[in-house]
Amino acid sequence: MTDGLEQRFGPYGGRYVPETLIPALDELEAAWLEARDDPGFQLELSRLSRDYAGRPTPLYHAQRLSEEAGRDIYLKREDLLHTGAHKLNNALGQVLLAKRMGKTRIIAETGAGQHGVATATACALLDVECVVYMGTEDMRRQKPNVERMGLLGATVEPVDSGARTLKEAVSEAIRDWVANVGGTHYVIGSVVGPAPFPALVRDLQRVIGDEAREQFLDRTGRLPARVIACVGGGSNALGTFVAFVDDADVELVGVEAAGDGIDTGRHGAPLTTNARGVLHGSMSAVLQDEEGQILEAHSISAGLDYPGSGPEHAYLRDTGRASYLAVTDTEAVDAFRRTCRLEGIIPALESSHAIAWALANAGPGPDLVTLSGRGDKDLAEVLALG
Amino acid sequence: MPYLMAGFPDLETSRAVGEACIDAGANLLELGVPFSDPLADGPVIHAAATEALRAGSTLHGVLRVCESLAEQVPVVLMVYANVVLAGGDGAFAERAAAAGAAGLIVPDLPHDEAAGIRESCDANGLALVPLAAPNTPPERLRAIAADARGFVYTVSVAGTTGERRELPPELRDTVERVRGAADVPVAVGFGISTADQARQVGEIADGVIVGSRVVRAAGEGGPDAVAEVVAELASAL
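Those protein sequence lines, which keep their order, are chains Z and A.
When the letters of the first sequence are read in order and numbered with our numbering, they come out as residues 22 to 407.
When the letters of the second sequence are read in order and numbered with our numbering, they come out as residues 29 to 265.
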């Protein structure tokens with residue numbers, strides 16, 4: 022294999038998938054290495070990112086959150102990206118890549134619907150067939166996003182197995198890919214899955230961190246003391262962290278979902294709880310029982326409601342370069358409400374976990390928090406709490 | 029070579045299903061170890077695994093079923109990588125060998141990831157049976173075959189397990205390619221469910237694996253229904 026794209030991150034990563042997919046993964050890796058170095062491809066992607074998606078997204082000094090925290094907090098505003106979350110960075114890049122590879126059909130999985138909407142959007146723009154797998158429980162919880170995907174011309178395939186959420190949707194998408202591997206590309210939504218996906222998605226999301234680092238230096242003349250982002254699969258966090266990994270003085274903090282509380286076992290925090298296993302094609306931190314059966318995750322935020330995590334995060338954790346902590350549903354909802362009232366920003370429940378951690382944990386400042394998406398999709402969930 | 033899901037619909041019945049397979053003429057059994065997220069399996073086997081876990085199937089129970097069937101015919105465990113790795117592959121291989129298993133088939137363990145588990149299997153006298161697919165490139169196929177133990181499990185179609193109306197037209201070619209690369213026998217699985225299909229595959233391969241059809245029979249009619257299906261398939265070979 023050509024070098025330049027990681028298969029493993031320490032002991033993590035790899036390709037634990039049926040043999041049928043191996044040629045497709047090899048093909049994808051080769052195509053990405055080529056596209057990544059092709060100025061024509063990069064020009065097209067950056068043009069779309071700017072004119073269509075709205076990059077660069079602003080870096081915003083959150084004045085009133087800063088006052089509340091007693092230190093400066095800056096928000097990287099991925100919530101202002103087209104479709105309302107960072108997911109479009111990855112979807113645009115992968116659908117462009119798939120077209121370049123001659124694929125005529127795109128499949129994707131979605132939990133909350135943000136990645137599904139982003140992929141359906143990219144497919145509408147680039148005129149490719151799009152099928153999105155979604156658990157029936159998530160379809161019920163995220164009805165507006167199901168309708169958005171329909172309007173965008175995508176077919177939503179209901180998945181009715183297991184807990185009928187994100188984990189099952191990923192499995193079903195992989196099964197589709199195994200059966201239709203020739204003409205289909207699977208746009209995975211996070212830095213998870215078999216190699217080369219974790220590295221590919223990181224490369225497409227690193228625009229978040231690259232922009233934020235430059236903006237931060239421009240604005241403040243220094244780097245942040247801490248970079249904080251929420252972690253489900255972990256693509257917004259990794260896309261931010263990767264730009265700061267070599268800045269030894271910058272602390273990297275990934276915030277997982279503690280759900281009802283780590284002690285209750287009802288959470289979505291595999292990195293915090295140190296579990297290791299194989300899920301959806303890679304070795305990483307995975308919630309499982311002692312016999313290796315994968316456990317259901319629990320979080321109020323559908324985007325963090327996933328029992329796995331990106332292999333590179335597990336590696337950053339083991340090497341001590343990044344730390345991973347968890348915030349409960351209650352703490353996240355409190356941060357959600359405070360951000361609405363103090364800043365006039367309705368953050369996604371996922372991103373609210375990162376804000377909650379920043380508010381609750383003293384540091385020297387300034388902090389950079391990735392606001393990975395907007396919270397319109399979460400209104401029903403939060404309002405139902407009263 | 030019938031495939032049955034251990035613990036489906038419960039451990040005791042699955043043992044009886046295995047017995048029925050043997051009585052009906054099976055000379056080797058593939059015993060599925062239930063897993064929560066079986067990526068390589070279609071709806072029938074996926075549902076059976078879910079049901080087995082819901083009924084409280086544990087690895088210990090699965091290995092007891094293996095033990096009792098392995099006294100009569102060779103039993104190969106079909107098990108997902110995470111179940112093997114969870115307690116360490118060495119410990120898993122030891123337990124499987126102690127339960128009389130002849131080998132392991134790990135459907136989500138492609139050649140590049142297999143070295144560690146193969147070593148543990150070798151050390152315990154278990155065959156780690158590799159899989160080959162219709163789209164596996166020649167050079168890779170040679171590497172897979174060179175490290176094969178027991179036999180090469182040739183996947184008949186790109187896709188998951190499940191009954192299909194027709195065998196793929198390129199199957200003969202696929203099997204010939206695998207045979208050309210391998211010194212060990214070649215078995216074919218995925219998509220084979222009727223006696224006619226079994227006969228066609230039996231003409232070109234050393235082993236014919238039937239999974240979803242057998243599991244469906246186990247769910248619909250228990251050991252009796254399985255005996256009928258396996259007898260019909262066996263008579264076609």
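Hints in this document: simulated from the structure, not taken from any laboratory.
Keep in mind that a hint or two might mislead.
Stated by the list, open to error - Which bits of chain Z does chain A cover? Going by a derived footprint, with three or more residues having C-beta under 8 Å, they are:
| id | segment |
| --- | --- |
| 1 | 33-39 |
| 2 | 66-73 |
| 3 | 179-188 |
| 4 | 195-203 |
| 5 | 291-300 |
Here the structure is a predicted model, which is why all the values come from computation and not from measurement.
A virtual CB, placed ideally from N, CA and C, is assigned to each residue, including glycine.
Hints breached by this structure: The structure breaks only hint 2.
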